[in-house]
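Those protein sequence lines, which keep their order, are chains Y and R. If you count the first sequence from 1, position 122 lands on 122 in our numbering, and the numbers rise without skipping. If you count the second sequence from 1, position 88 lands on 88 in our numbering, and the numbers rise without skipping.
Keep in mind the hints are simulated off the structure, nothing from the lab. None of the values given here were measured: they were computed from a predicted structure. The reader is advised that the hints may include incorrect statements.
To be verified - Only pairs whose alpha carbons sit at most 25 Å apart, straight line, appear in this in silico SDA-like list of lysine to any residue:
hint, chain 1, residue 1, chain 2, residue 2
1, R, K33, Y, H45
2, R, K51, Y, W39
3, R, K39, Y, V118
4, R, K33, Y, A87
5, R, K33, R, K51
6, R, K139, Y, W39
7, R, K39, Y, F25
8, Y, K89, R, K51
9, R, K33, Y, L97
10, R, K139, Y, A62
Claimed, not checked - Distance ranges between label pairs, derived from CB positions:
hint, chain 1, residue 1, chain 2, residue 2, range
11, R, Y70, Y, H113, 36 to 42 Å
12, Y, V63, R, D102, 33 to 39 Å
13, R, G34, Y, I117, 46 to 52 Å
14, Y, I117, R, S179, 27 to 33 Å
15, R, D102, Y, E27, 40 to 46 Å
16, R, S179, Y, P68, 49 to 55 Å
17, R, R159, Y, P116, 48 to 54 Å
18, R, V156, Y, P49, 30 to 36 Å
19, Y, E99, R, E185, 52 to 58 Å
20, Y, D95, R, D83, 40 to 46 Å
21, R, D162, Y, E99, 39 to 45 Å
22, Y, V118, R, R76, 37 to 43 Å
23, R, L103, Y, G90, 51 to 57 Å
24, R, D83, Y, P49, 18 to 24 Å
Cβ coordinates follow ideal geometry from the N, Cα and C atoms, glycine included.
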Amino acid sequence: MTADVNVPTEEQLPSLPRDEDGPVFDEPWQAQAFAMTVWLHEQGHFTWPEWADHLGAEIAAAVGAGDPDLGDTYYLHWLKALETLVAEKGLTTADALAERKEAWDRAAHATPHGQPIVLPTDA
Amino acid sequence: MAAQHDHDEHPEHSHLSDTDLRVRALESLLTDKGLVDTKALTAIVDTYENKVGPRNGARVVARAWVDPVYKEWLLRDGTAAIDSLGYASTQGADMVVLENTDLVHNMTVCTLCSCYPWPVLGLPPAWYKSFPYRSRAVKDPRGVLKEFGQDIPEDVEVRVWDSTSEVRYLVLPERPVGSDGMDEEALADLVTRNSMIGTDRLKGGRG
Chain Y
1 MTADVNVPTE EQLPSLPRDE DGPVFDEPWQ AQAFAMTVWL HEQGHFTWPE WADHLGAEIA
61 AAVGAGDPDL GDTYYLHWLK ALETLVAEKG LTTADALAER KEAWDRAAHA TPHGQPIVLP
121 TDA
Chain R
1 MAAQHDHDEH PEHSHLSDTD LRVRALESLL TDKGLVDTKA LTAIVDTYEN KVGPRNGARV
61 VARAWVDPVY KEWLLRDGTA AIDSLGYAST QGADMVVLEN TDLVHNMTVC TLCSCYPWPV
121 LGLPPAWYKS FPYRSRAVKD PRGVLKEFGQ DIPEDVEVRV WDSTSEVRYL VLPERPVGSD
181 GMDEEALADL VTRNSMIGTD RLKGGRG
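Kindly generate the complete structure, drawing on both the sequences and the hints.
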């Protein structure tokens, strides 16, 4: 417990990240990861308490591993929790995810700048 | 995290970050299996980026300020009263509304992850999701409130409510003094997002 009796200084502010009504998602992948979770839940693939357990566990593990967890890594924890949960539920496997990730990486490298990256159909 | 690629050496090729690759892998695999569909995902993102947000909660608060019957219902059965204004609860969580008074200031947090009343407040701000807020809100609520510029008088009890995946909280802030005669829409404009989380008190309130 701290006894904060002084008016807050600028130096104190980073300890409690602040923002106004800024963008909801910083990057498109965050929106996609969020939407997939909401959709899979709506379709009954997992319950919300199950989701919250997984997300909470990822956050706790990250904090335990030294992540200052200032809110900017939140969707990274979210994504990790989603990857774990979909594998647990048998919707896909960790191996399939790793393989598909490699395929996307190859596709990106084979795509000239400025053109949409498309996964080859034999991926 | 994966090693950083030195993509500047290959300017002719595209590059996706490790995280972007993971999300694309997940989405394309689930799409192939018919488990997700791009249109549905786009609709969800559009809803959360454009359609739900703190204005929904502000309308709930303003209605409670002008309509005592609605307020009584809201405090008794938050889920149904909020649903009646068209802000349906998501994820099956119950909404509980906490009334601030001269003697009680309520503040909400989710210490475990970041449960938050999406239908009425949209998605949570970065600080709400941060470890400092999640840990300090419980241990030192008055200190946290002070950082938000709120000096809560000693005789006002500060109550901290820890959200769960089954219960989400919305704070009903005190109606600002001097707002008599304002209509519901004007009143809604006075309500800040943080006042509904409990890290703000509206101007004109006590203290």
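These are the hints, each one checked on the structure:
1. K33(R) with H45(Y): Answer holds: K33(R) to H45(Y) is near 13 Å, not above 25 Å.
2. K51(R) with W39(Y): Status holds; Cα separation ~17 Å.
3. K39(R) with V118(Y): Distance of about 18 Å is within 25 Å: holds.
4. K33(R) with A87(Y): holds (14 Å)
5. K33(R) with K51(R): Roughly 29 Å separates the two Cα atoms, so the pair is violated.
6. K139(R) with W39(Y): Not satisfied, since the Cα-Cα distance of roughly 35 Å exceeds 25 Å.
7. K39(R) with F25(Y): Holds - the C-alpha atoms of F25(Y) and K39(R) are around 18 Å apart, at most 25 Å.
8. K89(Y) with K51(R): Violated, at about 31 Å.
9. K33(R) with L97(Y): holds (13 Å)
10. K139(R) with A62(Y): Holds, at roughly 21 Å.
11. Y70(R) with H113(Y): 36 to 42 Å: Violated, at about 56 Å.
12. V63(Y) with D102(R): 33 to 39 Å: This hint holds: roughly 37 Å between Cβ atoms.
13. G34(R) with I117(Y): 46 to 52 Å: violated (22 Å)
14. I117(Y) with S179(R): 27 to 33 Å: With Cβ atoms ~53 Å apart, the hint is violated.
15. D102(R) with E27(Y): 40 to 46 Å: holds (44 Å)
16. S179(R) with P68(Y): 49 to 55 Å: violated (40 Å)
17. R159(R) with P116(Y): 48 to 54 Å: The hint (48 to 54 Å, Cβ to Cβ) holds, given that R159(R) and P116(Y) are roughly 52 Å apart.
18. V156(R) with P49(Y): 30 to 36 Å: Given about 34 Å between the Cβ atoms, the range holds.
19. E99(Y) with E185(R): 52 to 58 Å: For E99(Y) and E185(R) the Cβ distance comes to about 54 Å; the hint holds.
20. D95(Y) with D83(R): 40 to 46 Å: For D95(Y) and D83(R) the Cβ distance comes to about 43 Å; the hint holds.
21. D162(R) with E99(Y): 39 to 45 Å: holds (40 Å)
22. V118(Y) with R76(R): 37 to 43 Å: violated (54 Å)
23. L103(R) with G90(Y): 51 to 57 Å: holds (52 Å)
24. D83(R) with P49(Y): 18 to 24 Å: holds (21 Å)
Of the numbered hints listed earlier, those contradicted by the structure are 5, 6, 8, 11, 13, 14, 16, 22.
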